[in-house]
Amino acid sequence: MKFTPRQLIPAFVCLGAALFLTMKALPAGDPDKGMHLEAFSHTPVQDGGRIKPLDTFARTSLLIISGKEDFKDEDGTTQPAIRWLLDVMTSGKLFQMANAEQKDKFPLAGGKAKVFRIDNPQVRDLLGLEQRSGSRYALNEFADKMDDLEKEFHRVLKIDEKKRSAYDAKALETSRHVQLYGQIASWDKPEIVPPQSANGPWQNLQDSLLEARANRQDNSAFRSLGAMLIAYAGNDVESFNKELASYQRRLDERFAKDVNRSGVEFFFNHFEPFANCSWLYVGVFLLACVSWLGWSKELSLAALCLLGLTLLIHTWALGTRMYLQGRPPITNLYSSAVFVGWGAILLGLGMEVLFRNGLATACAAMIGFLTLRFAIFLGGSGDTLEMLQAVLDTNFWLATHVTCVAIGYLSTLFAGVLGIAYIILGVWTPALRDRSMAKTLGQMTYGVICFATLFSFTGTILGGIWADYSWGRFWGWDPKENGALLIVLWNALILHARWGGIVKQAGVAWLAVAGNMVVGWSWVGTNQLGVGLHAYGFNNTLAAGLVGFWAIHAAILGMGFWPRRLWKSFAPAAVPEPEA
Amino acid sequence: VKAPAVASVGASRRAQQSTGVAALKKLLAPAASLRVTVVLFALSILLVFFGTLAQVDEGIFTVLHKYFRTGLAWIPLQIFVRFGQVFFGVPADAHLSGTFPFPGGWLLGGLLLVNLLAAHAVRFRLTWKRAGVLVLHTGLVILMLSEVVTGVFGTEGRMTIVEGGSSNYVEDPHVVELAVILPQDAKIDDVVAVPGPLLEKGGLIRNQDLPFDIEVAEYMRNSNEPQQGVEGANPATAGDGVKAVVTRRPEESGTDSRIDVPSAYLMFKKKDSGESLGTYLVSVWLSHPQKVRVGDKTYDIVLRFKRNYEPYTMHLIKFSHDVYPGTEIPKNFSSKVRVVDPDRGEDREVLISMNNPFQYGRGSVFSLGGETFYQADFLKDGSGTVLQVVKNPGWILPYISCTMVALGMLIHFGLNLVGFIQRSVAR
Chain D
1 MKFTPRQLIP AFVCLGAALF LTMKALPAGD PDKGMHLEAF SHTPVQDGGR IKPLDTFART
61 SLLIISGKED FKDEDGTTQP AIRWLLDVMT SGKLFQMANA EQKDKFPLAG GKAKVFRIDN
121 PQVRDLLGLE QRSGSRYALN EFADKMDDLE KEFHRVLKID EKKRSAYDAK ALETSRHVQL
181 YGQIASWDKP EIVPPQSANG PWQNLQDSLL EARANRQDNS AFRSLGAMLI AYAGNDVESF
241 NKELASYQRR LDERFAKDVN RSGVEFFFNH FEPFANCSWL YVGVFLLACV SWLGWSKELS
301 LAALCLLGLT LLIHTWALGT RMYLQGRPPI TNLYSSAVFV GWGAILLGLG MEVLFRNGLA
361 TACAAMIGFL TLRFAIFLGG SGDTLEMLQA VLDTNFWLAT HVTCVAIGYL STLFAGVLGI
421 AYIILGVWTP ALRDRSMAKT LGQMTYGVIC FATLFSFTGT ILGGIWADYS WGRFWGWDPK
481 ENGALLIVLW NALILHARWG GIVKQAGVAW LAVAGNMVVG WSWVGTNQLG VGLHAYGFNN
541 TLAAGLVGFW AIHAAILGMG FWPRRLWKSF APAAVPEPEA
Chain X
1001 VKAPAVASVG ASRRAQQSTG VAALKKLLAP AASLRVTVVL FALSILLVFF GTLAQVDEGI
1061 FTVLHKYFRT GLAWIPLQIF VRFGQVFFGV PADAHLSGTF PFPGGWLLGG LLLVNLLAAH
1121 AVRFRLTWKR AGVLVLHTGL VILMLSEVVT GVFGTEGRMT IVEGGSSNYV EDPHVVELAV
1181 ILPQDAKIDD VVAVPGPLLE KGGLIRNQDL PFDIEVAEYM RNSNEPQQGV EGANPATAGD
1241 GVKAVVTRRP EESGTDSRID VPSAYLMFKK KDSGESLGTY LVSVWLSHPQ KVRVGDKTYD
1301 IVLRFKRNYE PYTMHLIKFS HDVYPGTEIP KNFSSKVRVV DPDRGEDREV LISMNNPFQY
1361 GRGSVFSLGG ETFYQADFLK DGSGTVLQVV KNPGWILPYI SCTMVALGML IHFGLNLVGF
1421 IQRSVAR
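As they're listed, the protein sequences go chains D and X. Per the numbering used here, the very first residue in the first sequence carries number 1; after that it's consecutive. Per the numbering used here, the very first residue in the second sequence carries number 1001; after that it's consecutive.
Isolated chain X, as found in the complex (with noise of 0.2 Å):
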């Protein structure tokens, strides 16, 4: 008599289970539209393109800021004029101010991945027609997780050596800071490091960790090469920018490998009275210190890039650059360092040069730690090397996705193909 109650229940209960995956279903169904696919690639396409116009006048590092590893993007309709001046013959002397909002990377490419996420909840089913769909997707929700993990977590640097000489840190070229230095003794000093943002602030600048006020003059985020004998105003009154001129210089554009170096005026005053002990010029440009004295102590000062130092030494021994017989077409660079690492107990020589990089560190195909060195650029005069260090725990993730998408594509387009021929044969 109990058995049809039961049974009842059950079923009622698979209905109430398939009724709620229904209203689930549902309620994803607006979002796992191909329309809503369709929109979000069509936006992307536009951000693409608004993002590659943009490096004409901007450095590729505030491009990736400012379109891709953001939210919301505000698009200047100068890039517009920027276009017309290469193809249409718009003037050069155009000018159109104002920006407008738009969807950036970060937004589009969340709403993509909600999207597929919500797609396959609907409408999975575990066919041989879908499977390559499948993990073709999937390759691509790796893709854009490697994209969040490298944004998130990964860092560049690049680290100067001259030839003969070491280096144990890494710097940033996207941050600068002003380093006042009081030197202890041989090995030791007491820095004290004032941030570059802080000082494109500008105003006066009052810490009780700095033995002076800073009064910044002019903060110059790009800077032309200093210049000696130049007529005409001068800001500063001691130190090396007496002898020497900069002026300011634009943002290096996308496509330039060159980078930024700033370059500021800065007045050091006396903490008590506030008397000036003069306006320096201090820059990237000018590598050595220059001596500011307060009271009894002398204090280096010097506008850097910011360091982070490393447990290990590299020490150039050989910087070559080859070039083609008879041209000056480079054919390779390649930097012979050797790295000594008190930690790791090591010591040995390696060769680092074009497509070939150095991984140090780094244990296994799927280790996260470690850094990487590739030959990246070289002293002007050919007197030392520019090594790129790069640190990326998800480095691993593009390899994936590509073998992923590549092998979902084809097990997909591969079996419409077969199906294909197959019907036509038997037409």
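So that you can see chain D by itself, here it is in the shape it has in the complex (with noise of 0.2 Å):
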């Protein structure tokens, strides 16, 4: 058989994003000559009631304290986590009072890294620091201040949290990131001496040495550790790897398990699938509008088979979540945003299917790319596999209630994209003047909203049982339930309206689009009213971003008002110039 160049399109495509996908994948892997430091991060710790590897803790503190998961080092290279870590934790005061003895034995590194974020002008000023861009500074660079921030501190404590100001409310946060650093330096955290017995605690280093010191014990995991850190800090390469590596054989006889777990854990951080996704999803998207300006057939199945690959990555991700946690896949704001976007681009796979016009895979993308980078930013506050608290410890509701009510919200998105397509499509282009065309999105939007208003029902249904099942109380009228409420009724209004012929295609497409409204509504805004009215710091961003989300489909929604002769697909035909 023969291909033609055009026709090998969709392989090339999918060949491409395999490259790319491989090589976010590769290990960096350790330098023969330099510190293991890679395989150092593997080393499972106990931190927010769970066994993570160090590599896991050492991010999302760095991201808690800095906004990145990453930092430069004084000469300005880029270095991961671990090593911000491990200069933190060789930045103590055991390791000060011994440079006091030998004269700056060793580097102190933890307090000279430029990872404090702080663009408060305000808690600047009372640090006496300079703006500067990126708006990142050294803990040594306000050392000095610190007695006037934990006085900060424990003022702001003392207000109400629904009268702090903003300045206040970063005071905290600065304080609490400070406090943070003080953990690690100190051994406080984390948990990342093994038990020694079967069912024993884990333990952090300060404990282990105080325990060391008091009946002499011989805690053979502490010592190496210790050991690794003194060659840590003296930059003694040989020392530290090969402690490490009798260190890591010992776990790896007693702990397998958590090891192994760890391993995973270790190659999820590094792969970072999300982020690799949502790259990928733009593309589809992309692929997909392309071809509707020629060589369709290639280019639209090129972006069904990119879709389809990003998917299996999608999946792969999300299933594996669920490995680390033992948990169905939704279970906080973060992990709901992963699901919402994995479903909708399962929905709009199945609807290419149905349909094929490259319509649903470029709406499907396009809400893809959106919920793995709300995600993201999500994730910025700290540790997304986090416990679960006694109220939700049930994974029978997690997995029916809170799967079909993130079904719900999908759908209606994916109805409300439709929409904005229709309007969009139909107010900036010819294409709806095809007849057919128009007829098929229709015909899509009411799909979904039909499927929207199955499982916004069953879930909020679901949420009473689960309510009265384990408090007594089916309907509590509370915030998130009258949220899914409105989705429900909001879905149902379309269906009757369209039912009863008030509304046509454009009725629904705008009802449609206002629907996203309302989801954005129920999934992020009743979460802003639950903490009241201290929407400060991360809450503000999430809120000033809801109010963008609305001032958005605000925009369209007017558009979908103008006169029909302003929209191009429906303006009556230009009369063709007579020929001279």
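It is worth saying that the hints were derived from the structure and are not from the lab. Honestly, I wouldn't trust all of these hints.
With a cut-off of at most 27 Å between alpha-carbon atoms, the simulated DSS-like pairs for lysine-lysine come out as follows [as the list claims (entries may be wrong)]:
hint, chain 1, residue 1, chain 2, residue 2
1, D, K145, D, K103
2, D, K480, X, K1066
3, D, K257, X, K1331
4, D, K504, X, K1026
5, X, K1331, D, K480
6, D, K158, X, K1066
7, X, K1380, D, K163
Residues on chain X that point at chain D, a partial pick, calculated with CB under 7 Å [unchecked claim]:
hint, residue
8, L1034
9, V1038
10, S1044
11, I1045
12, V1056
13, F1087
14, P1091
15, H1095
16, W1106
17, I1329
18, N1355
19, T1372
20, Y1374
21, V1390
Yeah, the Cβ is synthetic: ideal placement off N, Cα and C, and Gly gets one too.
The task is to assemble the complex, starting from two chains supplied on their own in separate frames and drawing on the hints.
In structure tokens:
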């Protein structure tokens, strides 16, 4: 069989994507001659109630403090989070005292790394810092102002949360970041020393040190870790690597399961599947858009193949998180975003098979990209595999109610994006002049709304049943429940308006777009109310983001109101110029 | 000769009947209109939205009765200021007074029900195409009924038990009462209860069953924990209030799980002379009764949540509160209790935990009686448990409704989808 170059486009696209993913997946590996930091970052530790690799602890701690998962050292070279963690762990009191005795034996690099993100001008004034691009500062730059910061910390804590100013909230946030740094430097966090007996507790280095001093017990894990830290601080590559190898051999014997799991999580962190998927979805979207201009068969097939490939990675990532956590896919806002994106892609794939016009692919890819970027933004607040509060500790309801509600969100969003497509295509292009195209788009929107109604209703009522089962109240009218109910009511309204002939194609599209605003409210907005009026800091960004989301939709809705003669698709066709 | 006449009479009867039905249908047509449905949906959406915003300032219980379980809701304009404060940077001290009327939950629910029933009366056809819609709408009617049953017949209360202690009553945290107790002997007390709303109304309370008159100096629907050694004026002249002062606190808003803790400053007066027996602080915060002496009798007075005594006694053997290792994130709460019910001859131990309630006295799935105990809360120092006790004869209805609606939608949308795919394939 012979292929023309054009027919090979899908194969080339997939090959390119596979190459991109392979490059991202390959581990950087440790240099032969340097310290085996990557191997060290596999070490399992206990933090936040679960066992995770030291890599995750380093990344999330640095992310909380600086907003990034890597940092620039004094030479301006980008370094991984594990190096920062080791720098901090070797900058505490013990190392400072050692330095006082043996003049500057250790670099104490932790205090020198410019990682503290301080973007509030008043907090900078408090700490005597000048504004600089990136707004990241080293602890040593404001070490002399620690007392002032602590004073502010205690002052703000006394103020009612609802009455704190933006400055108060930021000063508190910076104090908490400094505290986290202090906990790591003083070996208070993480709990890195594994239990000595089968069911014993994990310990932090501080307690192990005190215990070792008190009863002179031989804790070999503690000795190894201590030796590694000293070797690291003294830049003794050989001892570090030797000690690490022997430590990991012993761990492998006793904690095989934790070591394996940590290894998987390390790879997950390194691979950053959600970031990669989000970029591939951009590719899918572009391919689908270009396919409407020409070479449509090949390009739309390429878009579909790339969508399928990316969905595989997305699915793997979702499954891996479930394996690591031992939970159904959605346990917090972060994972709901990941799931909404995943479900939208799956739905889009199904619709593309049914309709074959590239529209579902484009819409799905757009939702996939946006939800994954939203998830990545949410991930900035720390560990996304956090433990669940007691009330949520039930896999059955998480798997049924929460998943159904999320499918309700994603399908309502999908209908909304199809509505946006209808309005944009109708106003700016002549595409909807093709009656069958307009009709198909209408059918797609209608079908997705039916699907959305089914799942949002079932999910909402399942939530009520969960509440009845767990605390005896079927319906509590609380903001999140009401949010879910609003989606159900909105979808029901659209369907009844259509059945009653009150709205037609364009009206359904318009209402579906407004449905996105309702989803935004119930998915993100109600949580903002939940935290009351102290919408500062992180939450402030979310609230502002939601307002932006609403504004964009309001603009599109406004466009939907334009008189039909201004719509390129519906304007009376221009009379062709008579030939002279 | 007669036959045609009979036939014509029958025909005209049928015609009369059908004109009767037609007239009725014509009458119902406006009520059955889908336009009405859409308008009612839109109003419901707005009501739910308002009722959500209202929870920034008001407790869920208040919102429930002001917005949803009422015919007419009065919406305060201030909720829009709150919305603006959260999302649009409206200054924190902004205020809008005034309210506007809006159809409440009972009214909208009722109208939707009428609309739905009318629609089926007018357009009823028993066909496969309509089967799904019929099933799902029946499910919705059941759901609405269940909300009515819960609203009218359901009760919720709390049972607080300290470890090693027992309790045989359920408290209603939304209703408070002032108990005036004359201890008779070890087993029986003589109790007069003054309802909270009477105290809230203020003024002088006089009743033949009361050993004294009560003058309400101040009533607080919600209050801060008593504080000792506070400088400044103290209205109390006798009892525990002399040492500790209680201040007013805004009602707990919807998103907090805290309950309102009422307190009051009350002056007790001799019935005959009106002579003051002192101004006392009574508060739900103060769990122990205070003594008031009138003549030769000493009364115990205590402000407490209204109690409903039960035929059984719950004894708390142990309360456990587990956290995830190395954190303060709660993993599970559980109460090991012993139930003693002389009427039913029961004496057994049960474990109640989060997501694992205890159903007591419920015969079968379809039984209406009995109550369910849920692990709701615990005493601050972990010394005891707080169980939520719910009686709801309509508890089964949502389960039935959910199944019917989901099934109905599956049938309806499924048939649509199959039809669509068949048409696509045919093309």
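Do the hints match the structure? See the list:
1. D:K145 <-> D:K103: Distance ~25 Å between K145 of chain D and K103 of chain D Cα, so the pair holds.
2. D:K480 <-> X:K1066: The given pair, whose Cα atoms are some 19 Å apart, holds under the 27 Å limit.
3. D:K257 <-> X:K1331: holds (23 Å)
4. D:K504 <-> X:K1026: holds (26 Å)
5. X:K1331 <-> D:K480: Answer holds: K1331 of chain X to K480 of chain D is near 22 Å, not above 27 Å.
6. D:K158 <-> X:K1066: It is violated: about 34 Å lies between the C-alpha atoms, which goes past 27 Å.
7. X:K1380 <-> D:K163: Distance of about 25 Å is within 27 Å: holds.
8. L1034: At about 3 Å, which falls below the 7 Å cut-off, the nearest Cβ of chain D leaves the hint on L1034 of chain X intact, so it holds.
9. V1038: holds (5 Å)
10. S1044: This hint holds: S1044 of chain X lies near chain D, its Cβ roughly 6 Å from the closest one there, short of 7 Å.
11. I1045: With Cβ-Cβ at 5 Å, under 7 Å, it holds.
12. V1056: Given a least distance of 6 Å, the restraint on V1056 of chain X holds.
13. F1087: holds (5 Å)
14. P1091: violated (11 Å)
15. H1095: Constraint on H1095 of chain X not satisfied, violated at 13 Å.
16. W1106: violated (14 Å)
17. I1329: This hint holds: I1329 of chain X lies near chain D, its Cβ roughly 5 Å from the closest one there, short of 7 Å.
18. N1355: holds (5 Å)
19. T1372: holds (5 Å)
20. Y1374: holds (5 Å)
21. V1390: holds (3 Å)
Comparing the model with each numbered hint stated earlier shows that hints 6, 14, 15 and 16 do not hold.
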